[in-house]
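Trainee: Protein chains in written order, with the numbering used here: chain A, 20 to 281; chain B, 85 to 352.
There are no misleading hints in this set.
Below, in silico cross-link-like pairs of lysine-lysine (DSS-like), each with a Cα-Cα straight-line distance of 30 Å or less:
hint, chain 1, residue 1, chain 2, residue 2
1, B, Lys163, B, Lys91
2, B, Lys280, B, Lys249
3, A, Lys58, B, Lys163
4, B, Lys104, A, Lys22
5, A, Lys58, B, Lys225
6, B, Lys295, B, Lys326
7, A, Lys58, B, Lys166
If you're looking for bench data, these hints aren't it; they were derived computationally from the structure.
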Amino acid sequence: MLKFMERVGDDCLYFLEQAGRMGIFLFNCLLGILRPPYKLGPTIRQLHFIGARSIFVILFTGAFTGMVLALQGYYALRKVGSEGFLGSAVGLSLIRELGPVLTALMVVGRAGSAICAEIGIMRNSEQIDALECMAIDPHKYLMAPKFIAGILSLPLLTFIFDVIGIFGGYVVGVGLFGVNEGAYFQGMYSSVDWPDIHMGIVKSLAFGLLIIWIAAAKGYFLHFERSGGFGAEGVSRTTTNAVVLSSVTILVWNYLITAILL
Amino acid sequence: MVEDNRKAIIELIDLEKSFKQQKVLDGVNLTIREGTTMVIVGASGQGKSVLLKHMLGLLKPDRGRVLVFGRDLSTIGGKELKEVRQEYGVLFQNVALFDSMTVYDNVALPLRERTKSSEAEIRSRVEEKLALMDLQGTEDKFPAQLSGGMKKRVGLARALMLNPKIVFFDEPTTGLDVSRSNEIYRLFYKTQAQLKYTAVIVSHDVPKIFKLADYVALVAGGKVQECLTPEDFQLSQNPAIKAFVKETMGPIYSSEEEEMGFYETDQR
Chain A
20 MLKFMERVGD DCLYFLEQAG RMGIFLFNCL LGILRPPYKL GPTIRQLHFI
70 GARSIFVILF TGAFTGMVLA LQGYYALRKV GSEGFLGSAV GLSLIRELGP
120 VLTALMVVGR AGSAICAEIG IMRNSEQIDA LECMAIDPHK YLMAPKFIAG
170 ILSLPLLTFI FDVIGIFGGY VVGVGLFGVN EGAYFQGMYS SVDWPDIHMG
220 IVKSLAFGLL IIWIAAAKGY FLHFERSGGF GAEGVSRTTT NAVVLSSVTI
270 LVWNYLITAI LL
Chain B
85 MVEDNRKAII ELIDLEKSFK QQKVLDGVNL TIREGTTMVI VGASGQGKSV
135 LLKHMLGLLK PDRGRVLVFG RDLSTIGGKE LKEVRQEYGV LFQNVALFDS
185 MTVYDNVALP LRERTKSSEA EIRSRVEEKL ALMDLQGTED KFPAQLSGGM
235 KKRVGLARAL MLNPKIVFFD EPTTGLDVSR SNEIYRLFYK TQAQLKYTAV
285 IVSHDVPKIF KLADYVALVA GGKVQECLTP EDFQLSQNPA IKAFVKETMG
335 PIYSSEEEEM GFYETDQR
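Can you make the complete structure from the sequences, with help from the hints?
Mentor: Here it is in structure tokens:
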């Protein structure tokens, strides 16, 4: 019993320590973004890596998500004879929920994992210590461009996802099942309002911050990992943890933001 | 401690540090004076690197003080620590070059991030440093494409880029063959004569490293046993230093004990 209590206490302490570290880390990174000098080059490189290079996968996921939504939606709506609502069903689910969430999950898989591994390897090979000893703030030099790029990229990628998804739905709904083209777009036009779009933007901004925060902090604090953060295995384990944690956090925050904004 | 009137630039006072249950540093006292070369020796696992990390401000002590330029690294804030570190140059044990940057970008980084130099100025200064380290033609290579000795030289070029006042070397010749080690020592000697920096070297390379040292300090049992000139160090009567010298510098110093061992065997 005593052992069990000890373990619970130990876990709580570890969790609190981690949370505190991550909080301070985020604060320092945000300070790093605000503090001059501002360098465009590294931010553009990160925008290219996190944003531009994710476009292809977003196009694919967006198109097929829209298509399957139309497919499922068509069969469900046909039962009640309201195929005309297909456009609004596809539009609303994409803009409010699936667009931001799936885009974020794709970026976690593609860029989040890479960022965690990159920073983790830099930590393991003392490159971060080297930066600190050279009086270069790693929060500003390494993290700030990633945060800016993450926060800017996610809404843009989500827009692309939504647009492609809506056209995917169009191809299946209108092209395949013969739903009236005017009804598809008119339904969407009349049911999607500014609050829906606003919710999508808030979500994607929040997810952009979360993805980079978790991935970068996990890599940065690799040496504090309780399961042992050293070596190649440590990096791979921590990267997996970061991906799982980011994905779960995105889903939890998706619910919370929806609950707050609805 | 040897009498020396030069200004103390780093002072470690009663430094203690534990990792979980293990006490690595148990009351370390050490003074490093301006312009001198301090060599820290000791068997593996005695806390040399931990000691170095305290001087770099990468670890905070559980107790005691780390004074650099009179400022206590264990209590100052991030901004002040950054100011202290602006006077540092560090050559890490595994060099810690930024592996996704070319040699040129690695050496140019301190200039780009810490000064407002133009790209032309940076180029001329980087080229000058690379030439000093005999590294011309490697500008566009990545660290993974370099040999161990070359990496160390790039690391040294990067460490010396902004003419630091204190340069730390963590095992600068580990993993290098004799001629490459000598090359690093020669570069060290040359650059120190030129830039007049204070050097702190953690090394295993006994006795060769004694040639470069003004002072040698032995870390054993969580303490700095003594800090002496290389000559005094080799003749010291401190049991820990005697044992270290015996182990690292061969049988000359242990002939008596060898003979004793002989008798013991005979008695059996």
